[in-house]
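**Student:** Here is how the chains run, residue by residue.
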Amino acid sequence: MLYMAKRGSVVLKVSGLRRAFGPVTILDKFNLEVREGEAVALTGRNGAGKSTLLRCLVGADKPDDGTIEIDGTKLTESAVEIRRDMATVIDDLDFFPDLSVVEHLDLLARAHGLSDPEPVVDEILHEVQLIPQSGQLPGTLSSGQRRRLALATAFVRPRKLLILDEPEQRLDTEGIFWLARRLREERENGLAIVFASHEPSLVNSVATRILHLGAARDGEMVGPTPDQSLAEPSLTPETVVPGEPSAAVPGQSAQKTAQKQKQPAKKPRPSQGRKPKSTPKSAANQRRNR
Amino acid sequence: MTTADVPFAEHGQRAPLIADDPATAKELKLMIKDWRTGRATRSLGQALSDGYIAVFGFLLVGAMVANVIVQAQGVVSQCNSQACLSARTLLPWATFALCVSAALVLSRLFGPVLASAAEGFWLLDAPVQRKRLLTPRLLGITAAGLGIGMLAGGLIAALTGSPFDEIVIWGVGTGLAAAASISFAAAEQGAERHLPTRLVSYLFGLLGLVALLAVIAVAAKWVVLDVNATRAVDIGLALIAAAAIVLVLTSVLALARLNQIRRTRLLSGGALVSGISGAFFALDFGLIRDIVVDRRAMEIGHVRSRPGRGVGLRPLVWREAQRLARSPQPLLWVALSLVVPYAVDALGMGSVMPIFGSLVLFGAMVPMLNGLRVLTRTGGLARAMPFSNKAIKRATVAVPAVVALLWALATIPAFLGFASDHHPFPEAALMALVTGAAGFLGAVRWTTGKPPNFGGPAVASQFGAIPPGLIIGMIRGFDMCLLITAPLLLGMPPMVSLVIAAIVALILLTLDWDAMKAQAEEQQKQVRAERQQRAGN
Numbered sequence: 001m002l003y004m005a006k007r008g009s010v011v012l013k014v015s016g017l018r019r020a021f022g023p024v025t026i027l028d029k030f031n032l033e034v035r036e037g038e039a040v041a042l043t044g045r046n047g048a049g050k051s052t053l054l055r056c057l058v059g060a061d062k063p064d065d066g067t068i069e070i071d072g073t074k075l076t077e078s079a080v081e082i083r084r085d086m087a088t089v090i091d092d093l094d095f096f097p098d099l100s101v102v103e104h105l106d107l108l109a110r111a112h113g114l115s116d117p118e119p120v121v122d123e124i125l126h127e128v129q130l131i132p133q134s135g136q137l138p139g140t141l142s143s144g145q146r147r148r149l150a151l152a153t154a155f156v157r158p159r160k161l162l163i164l165d166e167p168e169q170r171l172d173t174e175g176i177f178w179l180a181r182r183l184r185e186e187r188e189n190g191l192a193i194v195f196a197s198h199e200p201s202l203v204n205s206v207a208t209r210i211l212h213l214g215a216a217r218d219g220e221m222v223g224p225t226p227d228q229s230l231a232e233p234s235l236t237p238e239t240v241v242p243g244e245p246s247a248a249v250p251g252q253s254a255q256k257t258a259q260k261q262k263q264p265a266k267k268p269r270p271s272q273g274r275k276p277k278s279t280p281k282s283a284a285n286q287r288r289n290r
Numbered sequence: 001m002t003t004a005d006v007p008f009a010e011h012g013q014r015a016p017l018i019a020d021d022p023a024t025a026k027e028l029k030l031m032i033k034d035w036r037t038g039r040a041t042r043s044l045g046q047a048l049s050d051g052y053i054a055v056f057g058f059l060l061v062g063a064m065v066a067n068v069i070v071q072a073q074g075v076v077s078q079c080n081s082q083a084c085l086s087a088r089t090l091l092p093w094a095t096f097a098l099c100v101s102a103a104l105v106l107s108r109l110f111g112p113v114l115a116s117a118a119e120g121f122w123l124l125d126a127p128v129q130r131k132r133l134l135t136p137r138l139l140g141i142t143a144a145g146l147g148i149g150m151l152a153g154g155l156i157a158a159l160t161g162s163p164f165d166e167i168v169i170w171g172v173g174t175g176l177a178a179a180a181s182i183s184f185a186a187a188e189q190g191a192e193r194h195l196p197t198r199l200v201s202y203l204f205g206l207l208g209l210v211a212l213l214a215v216i217a218v219a220a221k222w223v224v225l226d227v228n229a230t231r232a233v234d235i236g237l238a239l240i241a242a243a244a245i246v247l248v249l250t251s252v253l254a255l256a257r258l259n260q261i262r263r264t265r266l267l268s269g270g271a272l273v274s275g276i277s278g279a280f281f282a283l284d285f286g287l288i289r290d291i292v293v294d295r296r297a298m299e300i301g302h303v304r305s306r307p308g309r310g311v312g313l314r315p316l317v318w319r320e321a322q323r324l325a326r327s328p329q330p331l332l333w334v335a336l337s338l339v340v341p342y343a344v345d346a347l348g349m350g351s352v353m354p355i356f357g358s359l360v361l362f363g364a365m366v367p368m369l370n371g372l373r374v375l376t377r378t379g380g381l382a383r384a385m386p387f388s389n390k391a392i393k394r395a396t397v398a399v400p401a402v403v404a405l406l407w408a409l410a411t412i413p414a415f416l417g418f419a420s421d422h423h424p425f426p427e428a429a430l431m432a433l434v435t436g437a438a439g440f441l442g443a444v445r446w447t448t449g450k451p452p453n454f455g456g457p458a459v460a461s462q463f464g465a466i467p468p469g470l471i472i473g474m475i476r477g478f479d480m481c482l483l484i485t486a487p488l489l490l491g492m493p494p495m496v497s498l499v500i501a502a503i504v505a506l507i508l509l510t511l512d513w514d515a516m517k518a519q520a521e522e523q524q525k526q527v528r529a530e531r532q533q534r535a536g537n
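In order, the protein sequence lines correspond to chains A and B. Following our numbering, the numbering of the first sequence begins with 1 at its first residue and continues without gaps. Following our numbering, the numbering of the second sequence begins with 1 at its first residue and continues without gaps.
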């Protein structure tokens, strides 16, 4: 089966992006359009510019030239509309040292306008398998658990665009299966996704397009000319890369395995003593994706 | 012995290594010292001669501080009012108790006996007596406590106008007590106990607070204190004797238990010190605080989660209040800082009350701004919230601002004056408000400050290249306290200071510098593009 990109409205538009560090130009004349329901995977070797591009896309880094528009609004890092629509997990996510795991998710959900965030928070905690850790402070989590919490912060709030930098980092095999399934589901629900990854199974199962960014080759490290880009020409929206789940991709049986993720026999409740309200999952999904 | 020399047993298997002449602890330490000094590129003398301007500056500032202390001592010693006498009697006691408490808290945080990761890997596994390695360290820490305690006790006794013999007694007494606290904590560390150290630190903290409150009570004439100078000296000598006995006993215990301290406990303190010292050498004081806060959070580990309230910015404000209710220690520091304006007034130094009060409040408010710190140190968490940076800042400082306002209201009686010049109520209220605002805004500026950028352009100096933000980072926060309270020190109306405070608040909390900078850059880019277009045409 060939994944066909839904022809929704353009959520992310990058035009003529240029970013250089000293004499080395990492990105030049980079164009990209991502529409609703599209997932663009950035691949390439270390130093190819994947993280630099993503940092520019979220506003954490300033491009030397070019424009970035999110849902028609020109990107500035602190623009409220952009912060409302764009969920990001890159390497600069920080946590309050004295708020527990569940309190972080509750805070973010409420900040985004969910007046009763408990069902959504409980659901995502269950998905990322952090229910036993719901009362823990972030400093006591393992690196993998911190990664799961970071991913949970992106899924606990409404969003139109999801930007992830190597989301599979520090996740175990089950975690990568879950992530692939979740991202596919998000994409099918109309979310635009841009993510960098070194995990072929994740890329193949989630992406509708794959952009391979080229790195500096041996002997080319010193002095590309200012106009020379290390990035390969970007693909047009029409260029769709087949992303059929294959043997390397979590298939149906893998999905079932992921769904049967082991939870403690007696599940501690993240709500810490309050009665959970039985909200249908579909309603929670609707609220989440607005 | 090299691997080639390792004897082979039968069937080609390696025989176990046997060390005929294992190294002693002293030899290992000398070897490490040799490595360290052997890799130095400059001697201490060369480094000092390169930075002669800084050395000269430190000497100059040191001489000025000493001169100020001598002058203040001369002025205060002339004061014979009840308030002055009470402060002279009680403040050294408060210093004594608070020094003991601080020594115990710091000892518990760092160890007090600790080892670096390298020492843990290379030395603590070696077949040497761990006690021999750690004894000089324990003695060094105890001696440092003695010196710092002596300095603090003597300084406060001098500033309260005590005669020379009392200065010496309080200096020695406080120093010995601080040293005894460290050795007591070390003895408890060897026994793997934490509770006694914690309880004793709380007890002495409470005693210090009571002593400080007593200064206010006497200055306000709520309590009459009968002061007997001869008895004070006797009590001081008894205190020295008691502290010395505790020091000896706990030192013996601590030395006997040095072998029992677990390696993980030693390395934990070492890791904390190395993190803090790294941040200190980069002069990133915010990072030092972050390290300590993270360590404290890791000690707590787990909390009883509570649901938030409301939507939008309200849950952010609610979480700040909740955080304060969960860990009310910062409130204790603010409550303690309340004593300073009263104590300064009691000593007849009412004219410097605003700057002293604001500086102490600045220090006390910083722990209350942890939320602001997290949201401003990296952009990740702020970006996850659908608000502008300025809205986030305002929401996170709302609760601390209310606390600062309450602090200002509570200091109005001090500004009305017990011992020094009396101010009319409106003026006293304004002065208290300005002092509170200065301390609060100083803390906000310190918390939101960016660390020095060692990757950007640097300024050439005698010490080599220095990032421009490095020097500003050292005075950040203090500058706001001085700027806002300077008109009061110069005898100008408090309204001037209030206007300055309002401008500072506007800049720190209302303007979004990052957004403005991005906008300016964008405009410059457009102008450049238009110029190029015109040139092309």
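Derived by calculation from the structure, the hints in this document are not laboratory data. Each hint should be verified, as a subset may be incorrect.
[To be verified] The list that follows gives simulated cross-link-like pairs (lysine-lysine, DSSO-like), each with its CA atoms no further than 30 Å apart:
id : chain 1 : residue 1 : chain 2 : residue 2
1  : A       : 13        : B       : 131
2  : A       : 62        : B       : 450
3  : B       : 221       : A       : 13
4  : A       : 29        : B       : 525
5  : A       : 74        : A       : 160
6  : A       : 62        : B       : 221
7  : A       : 160       : B       : 390
8  : A       : 74        : B       : 29
[Claimed, not checked] Derived CB-CB ranges, DEER-like:
id : chain 1 : residue 1 : chain 2 : residue 2 : range
9  : A       : 174       : B       : 301       : 51 to 59 Å
10 : A       : 21        : B       : 32        : 14 to 22 Å
11 : A       : 174       : B       : 457       : 19 to 27 Å
12 : A       : 29        : B       : 33        : 36 to 44 Å
The structure displayed is predicted, hence computed values, not measured ones. Glycine included, C-beta positions come from ideal geometry on N, C-alpha and C.
**Student:** Work down the list of hints and note, for each, if the structure agrees.
**Tutor:** Hints versus structure:
{"no.": "1", "hint": "A/13 to B/131", "in the structure": "violated, 66 Å"}
{"no.": "2", "hint": "A/62 to B/450", "in the structure": "holds, 18 Å"}
{"no.": "3", "hint": "B/221 to A/13", "in the structure": "violated, 72 Å"}
{"no.": "4", "hint": "A/29 to B/525", "in the structure": "holds, 16 Å"}
{"no.": "5", "hint": "A/74 to A/160", "in the structure": "holds, 15 Å"}
{"no.": "6", "hint": "A/62 to B/221", "in the structure": "violated, 62 Å"}
{"no.": "7", "hint": "A/160 to B/390", "in the structure": "holds, 24 Å"}
{"no.": "8", "hint": "A/74 to B/29", "in the structure": "violated, 61 Å"}
{"no.": "9", "hint": "A/174 to B/301: 51 to 59 Å", "in the structure": "violated, 25 Å"}
{"no.": "10", "hint": "A/21 to B/32: 14 to 22 Å", "in the structure": "violated, 39 Å"}
{"no.": "11", "hint": "A/174 to B/457: 19 to 27 Å", "in the structure": "violated, 48 Å"}
{"no.": "12", "hint": "A/29 to B/33: 36 to 44 Å", "in the structure": "violated, 57 Å"}
Hint compliance for this structure: hints 1, 3, 6, 8, 9, 10, 11, 12 are broken, all remaining hints hold.
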